[in-house]
Amino acid sequence: MKSELTPPIGKITQINGQCISLIGNDIDTDRIIPARFLKCVNFDSLGESVFADDRKNLNGNHPFDLEENKNASILVVNSNFGCGSSREHAPQALLRWGIKAIIGESFADIFYSNCIAIGIPCFTLTKELIQKIQKHQDDKFLFLEIDLKKSLAKSKDLNFNLEIKESSRKMFISGEWDATSTLLENENLIVNKFTQLPYIKFNTNLL
Amino acid sequence: MSQDTLFDKVWDLHKVSSLPGGSDQLFIGLHLIHEVTSPQAFGALKDKNLKVKFPERTVATVDHIVPTDNQSRPFKDSLAEQMIETLEKNCLKHKIRFFNIGSGNQGIVHVVAPELGLTQPGMTIACGDSHTSTHGAFGSIAFGIGTSQVRDVLATQTIAMNKLKVRQIWCENQLSQGVYAKDLVLHIINKLGVKAGVGFAYEFAGPAINLLSMEERMTICNMSIEGGARCGYINPDEKTFSYIKNKLCAPKNDHWENALTWWKSLKSDQNSIYDDVIKIDASKIEPTVTWGITPGQSIGINEQIPLLDELSPNDKLVAEEAFEYMNFKPGQSIKDIPVEVCFIGSCTNGRISDLRIAARVLKNKKVSKNVKAFVVPGSERVANEAKQEGLDKIFKQSGFQWREPGCSMCLAMNSDKLIGNQVSASSSNRNFKGRQGSPNGRTLLMSPAMVAAAAINGKVSDVREFIN
Ligand code: SF4
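Protein sequence lines, in the order shown, are assigned to chains V and P.
For the first sequence, our numbering begins at 1 and goes up steadily by one.
For the second sequence, our numbering begins at 1 and goes up steadily by one.
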């Protein structure tokens, strides 16, 4: 875990960093952060426990333990990454380990929205390109410069377009991904909605 | 004529605005919270100096960390104690209704809200837990959210979200004897895959679904998320309404009549346009058991674990990983695989009807001496009802331990855990690596009836041999 790490704030337009690749489909959030680490009332110390069990099983050979990946910040994964439990602890643990962006074949829905909500852009690429990057990494370090405005990634000898949902991309470049204040702007509309919903008046027994 | 699905109707009803980024701002009618995913959200409110907007639309209970053996306070586990205390303080401070241990209404959040009548048709329901999809069984649109979104719901009663597509899963015919909702949903996930539902809401429909009880419907919708669908739902019908009637928080008197009139108008239009439709023949399904590390890796009880060559390239990768982890062999029968731990409980199958079915299998039988078996009722109400019916005695006489309500070994945040590479037969919903508390623990998912049968024989068994 990088001690100088601070969670992102505001507009996110550019992410530069070294890639770290993690191979496997359907990697669930229980693996990203096992349940015993959820016994906490804040997220601060989760970084060191990311992939705890997988790392233990691999005895120091897990990508997140390798010396050469120590400064990596762009995670490259395969399909359905982050499936399972909705725990935001999973992206929070990745963030606190040092991950700033994720590139994968596909992501599970809740994991994806959790990443957006905490400022980690998730990009998709075809299976072939992902494999190419993952292989490329076997040979040498891969540094990527990601430009969110253009959805472009480039390195010394690679240059490719990244896919990201247009709504997510806009949220990052405008800073709107940090949603609370945007939602609060519609305070009047919220109150109107509350008074119009048919069931609010039936639910007199709620409190 | 309108061609909207129930999903479209409920979504549109709750839409507050279109956000500049392109997603919708959606009003959340009912917000459920628990101790694991809420403390950081309350912390964020404090940091941003915000209040809870509509405290009466949020309801809390405690489930994930509670011990199921000794619940006296303070808990032995000081971290667990700190979590429950934090929730108690937050609820008190923000005037949120909290069903604590001993209130008679505590339990797993997805068991508690329906049994209290909080879950109703036409609502949007959110909770910081992926199995919130359970509540869709009542014709609500219910989905799991992360902690930052919990913060947003507390502060604004809304979230930013992209509208989902809708896939109808039409289930024909009916389930045969000894085959349950759990088998049906495991079968569906196996057929469609664990990520087929990404970006979709699943509408479960058809004769086989109509025949299911409300509790069985909850089992189906509960596991939508295991198929990748954030939300699953069933159009409400008379069974839905009569389940809700007279529950603690159900509408009463005139409100009941008004609610009923509105609820009856809520269903997918006859010619609804779906983004996709899939048909499943429920009569062909056998008791189903998982053999791998995702809920999609399942087979019928009389089938063999697939050979690698039978699988698509994508499935092959995960299957190889599963074989290595589970230490099972391609082509091996699932039947007769020895089990060491049997767990009945969870928000998938910890309700009263699940306990009744398991007790029926266990009556006058003994759990194998090689098996540790325990049952964890889904809520205090489930536990009390079971005791009134004498089910606790049947469980205990058979050799099952009878525990206090909570999530327990579904995710093993308390002291109920697998040890080493033990194999468990479990009525819960996830067989992920390490899910049940041991980094090498192995989980076989199945219906509660099948868990009971496995407990008696000490190995994976066909429950139909016990009930016919
Ligand atoms: S029973 Fe299991 S799946 Fe359900 S809420 Fe608890 S931990 Fe989650």
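The set of hints was computed from the structure by calculation and includes no laboratory data.
Don't take each hint at face value.
[What the hints assert, rightly or not] Under the rule of at most 25 angstroms between Cα atoms (straight-line distance), these lysine-lysine pairs were calculated in the DSS-like manner: (1) Lys149/V <-> Lys132/V; (2) Lys459/P <-> Lys335/P; (3) Lys165/V <-> Lys165/P; (4) Lys15/P <-> Lys165/V; (5) Lys132/V <-> Lys316/P; (6) Lys191/P <-> Lys127/V; (7) Lys154/V <-> Lys170/V; (8) Lys239/P <-> Lys201/V; (9) Lys163/P <-> Lys165/V; (10) Lys48/P <-> Lys170/V.
Keep in mind that this is a model prediction, so the values were computed, not measured.
Going down the list of hints, with the structure as the test:
| no. | hint | verdict |
| --- | --- | --- |
| 1 | Lys149/V <-> Lys132/V | holds, 24 angstroms |
| 2 | Lys459/P <-> Lys335/P | holds, 7 angstroms |
| 3 | Lys165/V <-> Lys165/P | holds, 15 angstroms |
| 4 | Lys15/P <-> Lys165/V | holds, 20 angstroms |
| 5 | Lys132/V <-> Lys316/P | holds, 20 angstroms |
| 6 | Lys191/P <-> Lys127/V | holds, 22 angstroms |
| 7 | Lys154/V <-> Lys170/V | holds, 20 angstroms |
| 8 | Lys239/P <-> Lys201/V | holds, 23 angstroms |
| 9 | Lys163/P <-> Lys165/V | holds, 13 angstroms |
| 10 | Lys48/P <-> Lys170/V | holds, 23 angstroms |
When each numbered hint is compared with the structure, no violation occurs for any of them.
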